[in-house]
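**Student:** Here is what each chain is made of, one letter per residue.
Protein chains: 4
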Amino acid sequence: MSNSFGALFRVTTFGESHGAGVGAVIDGCPSGHAFPWDRIRAQLARRRPGQGKLSSPRQEPDELRVLSGVHPQRGLTLGTPIALLFTNDDARGEHYDELAELYRPSHADYTYEARYGLRAEAGGGRASARETVARVAAGALAEDLLAALAGVEIVAWVAAVADVDADVDAESVTRAAVDSSPVRCPDPQAAAAMIAAIDAARAQGDTVGGVIRCVARRVPAGWGAPVFGKLSAELAAAMMSLPASRAFELGDGFAAARMRGSEHNDPFYIDRDDGTVRTRTNHSGGVQGGISNGETLRLAVAFKPVATLFRPQDTVTRDRREVTVQARGRHDPCVLPRAVPMVEAMAALVLCDHMLRARSARAEPPSGATR
Amino acid sequence: MSNSFGALFRVTTFGESHGAGVGAVIDGCPSGHAFPWDRIRAQLARRRPGQGKLSSPRQEPDELRVLSGVHPQRGLTLGTPIALLFTNDDARGEHYDELAELYRPSHADYTYEARYGLRAEAGGGRASARETVARVAAGALAEDLLAALAGVEIVAWVAAVADVDADVDAESVTRAAVDSSPVRCPDPQAAAAMIAAIDAARAQGDTVGGVIRCVARRVPAGWGAPVFGKLSAELAAAMMSLPASRAFELGDGFAAARMRGSEHNDPFYIDRDDGTVRTRTNHSGGVQGGISNGETLRLAVAFKPVATLFRPQDTVTRDRREVTVQARGRHDPCVLPRAVPMVEAMAALVLCDHMLRARSARAEPPSGATR
Amino acid sequence: MSNSFGALFRVTTFGESHGAGVGAVIDGCPSGHAFPWDRIRAQLARRRPGQGKLSSPRQEPDELRVLSGVHPQRGLTLGTPIALLFTNDDARGEHYDELAELYRPSHADYTYEARYGLRAEAGGGRASARETVARVAAGALAEDLLAALAGVEIVAWVAAVADVDADVDAESVTRAAVDSSPVRCPDPQAAAAMIAAIDAARAQGDTVGGVIRCVARRVPAGWGAPVFGKLSAELAAAMMSLPASRAFELGDGFAAARMRGSEHNDPFYIDRDDGTVRTRTNHSGGVQGGISNGETLRLAVAFKPVATLFRPQDTVTRDRREVTVQARGRHDPCVLPRAVPMVEAMAALVLCDHMLRARSARAEPPSGATR
Amino acid sequence: MSNSFGALFRVTTFGESHGAGVGAVIDGCPSGHAFPWDRIRAQLARRRPGQGKLSSPRQEPDELRVLSGVHPQRGLTLGTPIALLFTNDDARGEHYDELAELYRPSHADYTYEARYGLRAEAGGGRASARETVARVAAGALAEDLLAALAGVEIVAWVAAVADVDADVDAESVTRAAVDSSPVRCPDPQAAAAMIAAIDAARAQGDTVGGVIRCVARRVPAGWGAPVFGKLSAELAAAMMSLPASRAFELGDGFAAARMRGSEHNDPFYIDRDDGTVRTRTNHSGGVQGGISNGETLRLAVAFKPVATLFRPQDTVTRDRREVTVQARGRHDPCVLPRAVPMVEAMAALVLCDHMLRARSARAEPPSGATR
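Chains as they are written, first to last, in this note's numbering: chain A, 1 to 371; chain B, 372 to 742; chain C, 743 to 1113; chain D, 1114 to 1484.
Just so you know, the hints here were simulated from the structure itself, not pulled from any lab data. The structure displayed is predicted, hence computed values, not measured ones. Treat the hints with care, as some may be off.
Label pairs and their computed distance ranges (CB to CB) [what the hints assert, rightly or not]: (1) 524/B <-> 179/A: 47 to 57 Å; (2) 1202/D <-> 63/A: 17 to 27 Å; (3) 318/A <-> 626/B: 26 to 36 Å; (4) 779/C <-> 736/B: 44 to 54 Å; (5) 814/C <-> 280/A: 47 to 57 Å; (6) 1054/C <-> 1389/D: 21 to 31 Å; (7) 921/C <-> 1383/D: 44 to 54 Å; (8) 276/A <-> 695/B: 19 to 29 Å; (9) 779/C <-> 695/B: 37 to 47 Å; (10) 189/A <-> 814/C: 53 to 63 Å.
Examples of chain A residues lying across from chain D (beta carbon under 7 Å, computed) [said to hold, decoys possible]: (11) 3; (12) 10; (13) 16; (14) 21; (15) 25; (16) 35; (17) 78; (18) 79; (19) 81; (20) 117; (21) 120; (22) 174.
Some chain C residues judged to face chain A by a derived CB distance under 10 Å, without partners named [unchecked claim]: (23) 750; (24) 772; (25) 773; (26) 776; (27) 817; (28) 821; (29) 891; (30) 1101.
Backbone N, C-alpha and C define an ideal beta-carbon position, used for all residues, glycine too.
Can you build the whole structure from these sequences, using the hints too?
**Tutor:** What follows is the structure, given as structure tokens:
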């Protein structure tokens, strides 16, 4: 169960970094939807390594193969499981052989062995960010369903790298603006400073972390669920399942803890144009009691600095010797730019699942199937 | 599914604030464990309202009834579902009648109606913190299993209220120290300042939020799971399912985003005493790749200020009129002290579930059942 | 997880035979539906023991308490978990004390101890048919939703007892006809013979088994799911979860295994009246490829003879001694009449779940929630 | 969720008959087990079409590709998802084009369209028996774990074809004996009569059904779970998820319904050799109260005759015209011989899942993971 996510739009991923391939099976995708090859490829391109000096030089074409679930002639989803496969073409196991016997600090090498007694040593195995290629593809499908069926739009961006913070208008920012800089920060001044910070770290064999912010616009009121199925809870789980994520905020997050209720509460009013219920402020980030209120959904995710350093570190081996390790091979000095489509994907998976779950919330006659 | 949590130690809660009662069904509790009445009652007492001027004067004895799952004579868990019931004795529906037609700002009134078309108006219905009494009881049972079977110890405390931050040693703090102040902050100076901040807010009909920190000690290496079943993801979901929670951190959390890899990485070494693998620092908070590494698990949860204010606020009614609302009745000016056992309970639920899940991680002959 | 059933209309039952009570939590009931007190009570009355000499004299009023999930003033479902509780009033633990140390043949005493190391000895504990009171209540709610939202009607009857077979027209039989005899067989001649067979067995301290047949009418085409979610698979699981059930058939069942394809196939035709696709025969029992085809759903369930005998039987004790046991207390000589509403309840749970699951089968804009 | 099976050993299958391929993802396989290539290939060979005149001439090499979850050098399971892929090499879509517009009687063509609005027309799409190749592979892995960790042995055989019944000793029959006839019936006389019955049906363009029986030996007492997780319920669901299955029996099944309790009950005794609790008879089929009792597990599954006939049948088209259809292409006249490994696979999946679930049944200190 640990490798599946979602209740009705259920994604199961598989694959190790340097095995035959990675992929996903999506069970519960509604039928009759045009499979969005372009949207998926666009998000895969944004996630792909080798995009420039900011990211790892590993070359993976990330060619998407759809094994099932799409009508071969009509290109529509069938309602049956959609299996996606990405073969690992640029896997270079030999780079990693010397690492097989030791545990890289702040990687999952030791913990996987503690749990399973062995691990796929090459490239981090199952714990590699390579796994996220499958989620990004599944998330892009979810995003396409959200756009087509409910008009929802999701945009994420790099809001901080190291100690550089960006100033971005969450209500208006677009993906085009995000992609205008290689660091995926739509604030040009901050973007320049972020790139400088990444370069400075890399020059010292070091790495940096940062923060991604994400909005989902036009989420209708009434998505989410009580108690453990809260949007807040499932979005948190979604984001904290991403490699290197360390913290999650909804709406004002930690800043809310320092506010008074009179500052933080979002007063309701009636929109004169369409008679809908709106809030004058949005400290809640679009979610109240775990259910969407129709305002823009806002969240943030913090990523730790990349654990792989090109400088010596103390560590230990499987047979309990203390040694020193220094990375070679291909590694991002900063995961933030590539994590932008990952955050968008995870947000889309949660929202698509709740779009479907909302359909059974009320006692209404069934639509669809007739004799 | 939205009201259930956990895979093997699965808790389903039910109940509205002012209905007949609230409770939980725990499916998957291992058999043969002495049902921990004392531990459960102790945690319920810490969660109970009416503990003093810092919390709501609602008087609920929170008397625990165990309907099933415990051997009536021997007091041992049976392996069958354990149903817990708390009847609502001090429910005063009449206090809330005037609120039935309007949506209180930053409560779940509007969003529940958006989803379900109606709601249990009195006391917040299903969205009330009353629901957490069932989780605290279930969590105390989980905690007892963790202590008995694996020696795990969980301690949470109030780390911040409004703009007051406490200074607490996470490695050594005890529940006794936490409970030495009514605000459940083990730093006496900070505790006094927190109480002052709460009093100041209450005097103005206002409310405050804050931060709870939590540790779990002696979690063995190897609990957790890959990808979506990461401890980090499930702990985040657990904490973000608590009423009023707005943010979650594991280990250094948001601070990690500003560090370099060389600062944040936790170098491994071999413990000379017992030959185990340890880390010299613990920025990771005891979790790497979603799986425990044997160090102390550290997390934090931010809570927004209480939404119920004793001062006028703008809002709207069900029939789309703009009105003003001012709270009456019984409400906490600050949820933090009572949220301490809630955070402990949710941490225990996640860890107990993974303690059980770890049992099937490896290909070993089955223990237990024989002919 | 073992005590829960259903994906979207999810029922979790709890309780031992002679503990404080038994009950159910229903998570996922759509909101806004009038809680069907009368239908539930009617089905509970049909399940109740003490209905006459054919069944156990145990007197349980089976008074239904609804703890949550229903609007207290309006009587409508809230969309939140519906908790049902039946307290055990006529539990007579003392009758069973002598049985605590031995394993009754063909009961679950030994197997529960093999699994859990202990059991609730009195009355069969969790394995007692007492548990089914909660399912019957939950099933009656499901049935009411099916009737209100989709016009589905479910009727079950006793089709065989011992070697007596009834002749019943599955297309036209009604619950009134079923209830016209105490043995719940709508074929009067067969009913008389069944009663005689039950009386003859009882006179010898013996028991009998039998077969229940069940139809669901007006199930629309398109309910069900591929592969493991087939209606056939979930109905089979539902029925085989009932105490004493030993076999399941869909449509022609075992008889189909002896037919040729040319006999068994159901040719399609177009209904001249409404243009719908129909089948001229219904050997398939209304299900093809696991999905309903719009014809009457037909199934059968075989129940073994009651295991409790009022005559001596060889058995063993917990401490491995060979002894003789003879029942005392209150026990049905034949479970079939009371099992009729249980079979209806389980059919309703499966169909209601699939009614809700069908809502997310196709890519259609969401209904319901708007800003 | 409909395409997944199992709680802890969770198998998700994907794929359409004439798409790119079919496969499975197994989440929850314990780590450190040697991946059983030989056992899997052996069971695949027994399931493969084209084994002779008794089955379809479709030629699929069924070459197994393992995409993930197995250590590339050591051949051990990693504990991570095991993805299996079978590409469709002999898919001949053109044979089926004429069928795209009509609904074959007693196939799933119509019901899939009623549910999803479209279907993969070629070869039955997702409803094809092609899907079972993935289950047979996953089941063979489960069977290998059962054999290695608990000594369980599973054997199924063809017990009836059309009106021919075999006489087989369930306690002693072996797979070698089963495979001694092409019809997989270990009773030589019955096997000859079955082959004659199949030949006779084929000569008339007709088809036959039959019954498969299956035993699992050395299942320890204490596997299974209460209420909805009963072995009986899960085995029934497993078998009724197989294509063309129509009925399920555990132990004496329908025959039990005609017995008296004094005939059907299984008296306990103490085995003088090892002091274990045994039963003198095994009418229960090794399961009491849904939990294994240590005796041989016995079940039966009825399969309807193959729906594809080489003779004209009445049917209708998608645009509601009445037409006649006659099959061409490649189809089995009888699925029974190939269904033998499918029944074994499904039994193995249920038992392997419960072997793992039994590990968390009791409150015992965790094994395995240490610091």
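**Student:** Take the hints in turn and mark each one as holding or not.
**Tutor:** Structure-based check of each hint:
In this structure the hint that residue 524/B and residue 179/A lie 47 to 57 Å apart at CB holds, the actual value being about 48 Å. Taken as a hint, the range 17 to 27 Å holds for the pair residue 1202/D and residue 63/A, whose Cβ atoms sit roughly 21 Å apart. Against the hinted window of 26 to 36 Å, the Cβ-Cβ separation of residue 318/A and residue 626/B comes to about 31 Å, which satisfies the hint. For the hinted restraint 44 to 54 Å between residue 779/C and residue 736/B, the CB-CB distance of approximately 52 Å keeps it satisfied.
Roughly 33 Å separates the CB atoms of residue 814/C and residue 280/A, a value that falls outside the hinted 47 to 57 Å. For the pair residue 1054/C and residue 1389/D, the supplied restraint of 21 to 31 Å holds, since their beta-carbon distance comes to about 23 Å. In this structure, residue 921/C and residue 1383/D meet the distance hint of 44 to 54 Å, their C-beta atoms being roughly 47 Å apart. A C-beta distance of roughly 20 Å is found between residue 276/A and residue 695/B, which places it inside the suggested range of 19 to 29 Å.
Separation of residue 779/C from residue 695/B is about 39 Å and conforms to the stated range, judged on CB atoms against 37 to 47 Å. Against the hinted window of 53 to 63 Å, the Cβ-Cβ separation of residue 189/A and residue 814/C comes to about 58 Å, which satisfies the hint. Checking residue 3/A against chain D by beta carbon gives a least distance of about 5 Å; that is within 7 Å, so the hint holds. Because the beta carbon of residue 10/A sits about 6 Å from the nearest beta carbon in chain D, less than 7 Å, this interface hint is met.
Taking 7 Å as the C-beta cut-off, the interface hint given for residue 16/A holds, the closest approach to chain D being about 6 Å. Of the supplied interface hints, the one on residue 21/A holds, with its beta-carbon coming within about 5 Å of a beta-carbon of chain D, less than 7 Å. Checking residue 25/A against chain D: minimum C-beta separation of about 5 Å stays under 7 Å; hint holds. Restraint check, residue 35/A versus chain D: the minimum CB separation of about 13 Å is more than 7 Å; hint violated.
Checking residue 78/A against chain D by beta carbon gives a least distance of about 6 Å; that is within 7 Å, so the hint holds. For residue 79/A, the interface hint holds, since its Cβ comes within 7 Å of a Cβ in chain D; the closest pair sits about 4 Å apart. Annotation: residue 81/A was flagged as interfacial toward chain D, and the flag holds, the nearest CB pair being 4 Å apart, inside 7 Å. A least Cβ separation of about 5 Å between residue 117/A and chain D falls short of the 7 Å threshold, and the interface hint therefore holds.
With a cut of 7 Å, the hint placing residue 120/A at the interface with chain D holds, because the nearest CB-to-CB distance is about 6 Å. Using the Cβ-Cβ criterion of 7 Å, the hint placing residue 174/A at the interface with chain D is not satisfied: the shortest such distance is roughly 34 Å. Proximity of residue 750/C to chain A holds as hinted, the smallest CB-CB distance being about 5 Å (cut-off 10 Å). Given the 10 Å rule on beta carbons, the hint for residue 772/C holds: about 4 Å separates it from the nearest Cβ of chain A.
Interface hint at residue 773/C: satisfied, since its Cβ lies 5 Å from the closest Cβ of chain A, which is below the 10 Å cut-off. Checking residue 776/C against chain A by beta carbon gives a least distance of about 9 Å; that is within 10 Å, so the hint holds. Interface hint at residue 817/C: violated, since its Cβ lies 13 Å from the closest Cβ of chain A, which is beyond the 10 Å cut-off. About 6 Å separates the beta-carbon of residue 821/C from the nearest beta-carbon of chain A, less than 10 Å, and the hint is met.
This hint holds: residue 891/C has a C-beta 5 Å from the nearest C-beta of chain A, less than the 10 Å allowed. Because the closest C-beta pair between residue 1101/C and chain A is about 4 Å apart, less than 10 Å, the hint holds.
Hints 5, 16, 22, 27, counting from the list given before, are not met by this structure.
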